[in-house]
Amino acid sequence: MTTIDVKIRRLYAAAHDHLPGQAEEFSGIGSDISTSTETIVAQLRSTTHPIAGPIGTLGEELVVRLRTVTKTLNESAVALDKVADDFVATDDDAAAWFAQHRKELKDADYTGTPESARPPALPEL
Amino acid sequence: MGSFAKEFTELCTKVNGYLQELRANEEAVEALVRIDDRKKTVAKDGTEYDWTPATVTFPGTYSFTTSSISTSSRWIEIVDLAWGGVEADGSWTFESHAQDAVDAVADVLSMHDGGCDYMCPNITAPDLDALSGACVSLSQASADLYRLTDAGNDGSGVDSDGDSIAMPTFVARLQDAWPATSLGSESFYKFYGRLALAGSDYSTATQRLAVTSSSAAGIVQQYRVNLLDIANAALESATGALKTWQENKGPVFVSEYSALIDKEGFKVLDGASTALGLLAKAPVVGTVAAAPQKVIKGAKLVGRLELPAVYEQVASSDELHRNFHASLDDAESQMKKALDHLMTSDEIPVMADGKPADADGDGQPDTAYQPPFEAYVKDKDQSAAWDLPDVEF
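Chains as they are written, first to last, in the numbering used here: chain A, 1 to 125; chain B, 1 to 393.
Simulated from the structure, these hints should not be mistaken for laboratory data.
Glycine is no exception: its CB is placed at the ideal position from the N, C-alpha and C atoms.
Any given hint could turn out to be false.
[Claimed, not checked] Label-pair distances were calculated between CB atoms; the ranges are:
#, chain 1, residue 1, chain 2, residue 2, range
1, A, L122, B, A368, 31 to 41 Å
2, A, L122, B, D390, 16 to 26 Å
3, B, S3, A, T48, 54 to 64 Å
4, B, D150, A, E124, 48 to 58 Å
[What the hints assert, rightly or not] Selected chain B positions facing chain A (in silico; Cβ < 7 Å):
#, residue
5, L109
6, M111
7, N122
8, D127
9, A130
10, R173
11, L174
12, L209
13, D262
14, K336
15, L339
16, T344
17, W386
[Said to hold, decoys possible] One side only, chain A facing chain B, incomplete, derived with CB under 7 Å:
#, residue
18, E61
19, H101
20, L105
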């Protein structure tokens, strides 16, 4: 495997597989924290004790942070895809490799814009 | 109504039914004593009341029939008082009939249906299955965050300052592939460097959220076990007293009462030691999702048990009823104290080999200090330490 081969494969794989996969994972964790927080706050409110308040605040804060992580990973995937495309457009060796592997990239779904994960919804408290 | 609320309400309704029966017995005896008193009086015109010996049946689950009653101060023969002589149909006109007096008391008391829906809603209302599921999910989320941002699992890389950082293998490998002509590498690695640190903090915070939530749910469960113990003690005490009435064919004497009352059962869980006992069972932060349902569904009481301050020596159904309610009220206020402890106390149990340490041997877990949950949340809410840099390509 040539250096250019490794480089381009890593860039596209990161943009289309790894980063969207990570975004999906962080988003899923955020959604789980969001729905769990909703349930816990609703149930603990029926004790009439104020502990539901800070539990809701921390849960919501974590979801806000995981929304940011998801959005940043989504944007990074799109930007990295563009970095790879620009590399192919400006580097002769990269262009030659791309021409040769066009079908392979299409089959791997590495063409077009990477899919974005839906950022987790904030808990309804 | 949840299944616990239904179970508890049914139990309390049963207790109230027996307490009512006990009270009816007590008031019936008073009515019979009043009749006995009048037996000795004469009317204004000097005519003596006429009376005949009678037998009465005390109604209820622990029914009994008797012709005499022995109270703590006197022995009485049960009688029907008659006045007015013979009616046209040949019957006597009774001014007071012993059985009617006994039945009237029971009738009046049974007008209250004994329903107990309003008892301890703060303890009976939360859905513990829903809480348990949500806490398991939080614990899993914490473990997932730990895995996603932990160097040991995902390989390590180097950030823009050349420092070694935790980052996924693909990110570390990407560094070599990044085209020299493209910008963005630096801010991308800065983001991942910060994510490794902040992500580990997110994991810790999620675990603290899971521990606090499961401990809160565990506190509710502890007081539910306590409520059932209290209600069962009241049930046993009331039925014990009624059985003794049945055997004595009359009142239970004060000296007998204390042996019939399950005093231990009226004890209420102390809030602070319950919170600490549950925190001692709380899982530590780690790669594996802990099992908060163990904390939530535990049937063994973890705190100290104490009689409510207003508990009285019992000698009657009223006092038994008051003690029952005092324990239920105290359980509600102690549960609030336990939740207060969870939210605002800086005390946590010290653990040794996965168990609560008790170096001073006082039977209670040794304690250490951590920022109270409420203060911890304030510190993390919109904290700059949790900010992540934008990635600019």
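Checked hints:
| no. | hint | verdict |
| --- | --- | --- |
| 1 | L122/A to A368/B: 31 to 41 Å | holds, 34 Å |
| 2 | L122/A to D390/B: 16 to 26 Å | holds, 20 Å |
| 3 | S3/B to T48/A: 54 to 64 Å | violated, 21 Å |
| 4 | D150/B to E124/A: 48 to 58 Å | violated, 31 Å |
| 5 | L109 | violated, 32 Å |
| 6 | M111 | violated, 32 Å |
| 7 | N122 | holds, 5 Å |
| 8 | D127 | holds, 5 Å |
| 9 | A130 | holds, 5 Å |
| 10 | R173 | holds, 6 Å |
| 11 | L174 | holds, 5 Å |
| 12 | L209 | holds, 5 Å |
| 13 | D262 | violated, 28 Å |
| 14 | K336 | holds, 6 Å |
| 15 | L339 | holds, 4 Å |
| 16 | T344 | violated, 9 Å |
| 17 | W386 | holds, 6 Å |
| 18 | E61 | holds, 5 Å |
| 19 | H101 | violated, 15 Å |
| 20 | L105 | violated, 15 Å |
Comparing the model with each earlier hint shows violations of hints 3, 4, 5, 6, 13, 16, 19, 20; every other hint is respected.
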